[in-house]
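J.: Each chain is listed here by its residues.
6 protein chains.
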Amino acid sequence: MRLIEYEDASPEVLAVYEEIRRVRKTDYINNFWKALANDPETLRRTWEASNQVMAPGTLDAITKELIYLAVSITNQCAYCTASHTGSARNKGVTDKMLGELLAVVGMANQTNALAAGYRVEIDAKFRE
Amino acid sequence: MRLIEYEDASPEVLAVYEEIRRVRKTDYINNFWKALANDPETLRRTWEASNQVMAPGTLDAITKELIYLAVSITNQCAYCTASHTGSARNKGVTDKMLGELLAVVGMANQTNALAAGYRVEIDAKFRE
Amino acid sequence: MRLIEYEDASPEVLAVYEEIRRVRKTDYINNFWKALANDPETLRRTWEASNQVMAPGTLDAITKELIYLAVSITNQCAYCTASHTGSARNKGVTDKMLGELLAVVGMANQTNALAAGYRVEIDAKFRE
Amino acid sequence: MRLIEYEDASPEVLAVYEEIRRVRKTDYINNFWKALANDPETLRRTWEASNQVMAPGTLDAITKELIYLAVSITNQCAYCTASHTGSARNKGVTDKMLGELLAVVGMANQTNALAAGYRVEIDAKFRE
Amino acid sequence: MRLIEYEDASPEVLAVYEEIRRVRKTDYINNFWKALANDPETLRRTWEASNQVMAPGTLDAITKELIYLAVSITNQCAYCTASHTGSARNKGVTDKMLGELLAVVGMANQTNALAAGYRVEIDAKFRE
Amino acid sequence: MRLIEYEDASPEVLAVYEEIRRVRKTDYINNFWKALANDPETLRRTWEASNQVMAPGTLDAITKELIYLAVSITNQCAYCTASHTGSARNKGVTDKMLGELLAVVGMANQTNALAAGYRVEIDAKFRE
Chain A
1 MRLIEYEDAS PEVLAVYEEI RRVRKTDYIN NFWKALANDP ETLRRTWEAS
51 NQVMAPGTLD AITKELIYLA VSITNQCAYC TASHTGSARN KGVTDKMLGE
101 LLAVVGMANQ TNALAAGYRV EIDAKFRE
Chain B
1 MRLIEYEDAS PEVLAVYEEI RRVRKTDYIN NFWKALANDP ETLRRTWEAS
51 NQVMAPGTLD AITKELIYLA VSITNQCAYC TASHTGSARN KGVTDKMLGE
101 LLAVVGMANQ TNALAAGYRV EIDAKFRE
Chain C
1 MRLIEYEDAS PEVLAVYEEI RRVRKTDYIN NFWKALANDP ETLRRTWEAS
51 NQVMAPGTLD AITKELIYLA VSITNQCAYC TASHTGSARN KGVTDKMLGE
101 LLAVVGMANQ TNALAAGYRV EIDAKFRE
Chain D
1 MRLIEYEDAS PEVLAVYEEI RRVRKTDYIN NFWKALANDP ETLRRTWEAS
51 NQVMAPGTLD AITKELIYLA VSITNQCAYC TASHTGSARN KGVTDKMLGE
101 LLAVVGMANQ TNALAAGYRV EIDAKFRE
Chain E
1 MRLIEYEDAS PEVLAVYEEI RRVRKTDYIN NFWKALANDP ETLRRTWEAS
51 NQVMAPGTLD AITKELIYLA VSITNQCAYC TASHTGSARN KGVTDKMLGE
101 LLAVVGMANQ TNALAAGYRV EIDAKFRE
Chain F
1 MRLIEYEDAS PEVLAVYEEI RRVRKTDYIN NFWKALANDP ETLRRTWEAS
51 NQVMAPGTLD AITKELIYLA VSITNQCAYC TASHTGSARN KGVTDKMLGE
101 LLAVVGMANQ TNALAAGYRV EIDAKFRE
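Chains as they are written, first to last, in our numbering: chain A, 1 to 128; chain B, 1 to 128; chain C, 1 to 128; chain D, 1 to 128; chain E, 1 to 128; chain F, 1 to 128.
Don't take each hint at face value.
Note: identical chains are not told apart, hence a pair may lie in one copy or across any two.
Stated by the list, open to error - In the DSS-like style, the derived pairs of lysine-lysine whose C-alpha atoms are separated by at most 27 angstroms in a straight line are:
(1) K91 / K125
(2) K125 / K25
(3) K96 / K125
Derived from the structure by calculation, the hints contain no laboratory data.
Okay, chain A solo, but in the shape it has when bound:
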């Protein structure tokens, strides 16, 4: 699928691009959105859902970025790992914090496999 550039965007795509620029306070639009623009409905739905989900709540914006990254790394998604490492850094995540994140992500992937391999039964107290 080709990337839909600003110049070639339909009015409905353009409307989302404008929102992205306004909310993100930058003219740059990530390739991800330019690819989704091939399906304007998915572009709008994903942009709006992403905005709702990533907005600071009881978890702050940085914590949400770290969680996002943890999932993307676990899924071996090169694009999302690259782009969200970038946005994490933009939000103030340091190399030291990234290092700690990666250590936890590595550990969890290891223990997930160990739990599966040893076929560990869930403790009664965790079953509710």
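Chain A is fixed; fit chains B, C, D, E and F onto it per the hints.
T.: Relative to the frame of chain A, chains B, C, D, E and F by itself:
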């Protein structure tokens, strides 16, 4: 693999069980550790690595728990999801926080698939 | 592993290459088969199984391609996503159809994570 | 997380439950929605997105169910596999169709691994 | 899907069941095959492919079982982990060997995540 | 994250690099370790754990490499697949052995999906 109970533990397993009880401030030992005890070397290595990795650093203990959970959910690891939901709650994670965590985890799993499906090229600025 | 070109193929590999050309009605042989040719037994077994499985039955050829793509995207398999997007298009799958496919694949990956994270118990009526 | 029953639902949750009943033409509400109801925002967002994405378009409702199932199986999501096998059957998917779906899903998971293991380079013609 | 018992099997399913009994030297037929019997073509194809692939070659039968288990654990496939732990033990795999297998599987899952998270570029010498 | 070269390494990183060179009997340090060096604690912990886990025990070094590769392929980890294919070859793994490994890995990924899709219940005898 059977679970190695306290009563049946070898001295090297017992030594780890005692550390777990002391560090975690509880007599209860999770089934996960009782399963790993079938391989005392893995029990000790995993316990020590887990302690090192999960200790508060530039990321606090709750953030690390949330990252751990995000990985476990993404991997569909029922045991780790159950046990770390429990330990997250013990550390003060509320239902509201868990809800926000799950919303981000769901969103990231969705966009990871979209990025793969649209075969989005990594933006030059994220490639360093 | 190197790709086994037509000129360098052993008789048993050549026999599969000829079948591929005949069935696919093209001289072009995908890199996938040229790689599998390093293990002629796997080349033949996979080619024959693939032919049997992908043949139109109660599901038509396009539906099978879409299912194949859904799996490949979920697994973050760049090669299979690229090659089966190509073969889907050859069979008449339009950009609009691909967009709808990707929307469903994204949604399913999201709800799979939500079901795991909320640890939803299977409804009695779905358990048979 | 507990399931939020109809009787205990807040007005915003109730509103979604009513939509589900109306759209699905049944009083039964799946455990999945009752679990999401712990986070009303995620309940509404997921329900609306799901409705938009699963609606018949250039792909019909059955094809979308099959794609959904293919993802859920690949992710080893027991809940989604069970519930969407149920809804697929409700929409007229036969045992024969399910058998063909599973054959394709199995094959794609196999070839995804083979492509990764042989580290097959993407053919120039699939790179666009 | 229901399990197809010996008594209810069609002639083509029965033929595979007889082969399984003869090759495996046991009257017992695993639930896996009884489930696949819902699609006789997939039953035969999978049984024959499995026989071909798992037969001792340059890798012996035990090594192949361990590889099979490593994949099944990584995929969080409870059925395959349980059944192949059983068949591994039948072939002489000891608790000590299983413990070492699981340690390697855990380690690889960890380093896979670390490599993805650090976005490590493949060394020139590994690129051929 | 940048790679930490020998010349730029802190004393604690240097100490691990020296161990790697001594144990591996080569001056070459893989990019993986140079990336982990961004977090010296993770570098040391992972190096030591890897050494402990990959050391020949009741399973020999080659079997452990094959298990490692099986996991890395299943996870679609391009870096680990490339580097461990290299180290497997260095330890004497032939093309024939790699071909058999890949056939088993492909088969297991297929049957994992089939077991999930058919929702096969674990046989009583595999449940302990």
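J.: Could you run down the list of hints and mark each one as holding or not?
T.: To see whether the hints hold, each was checked on the structure:
1. K91 / K125: Between copies only: 16 angstroms across chains, 38 angstroms inside a chain, cut-off 27 angstroms.
2. K125 / K25: between (47 angstroms within a copy, 17 angstroms between copies)
3. K96 / K125: between (35 angstroms within a copy, 21 angstroms between copies)
In summary, this structure violates none of the numbered hints.
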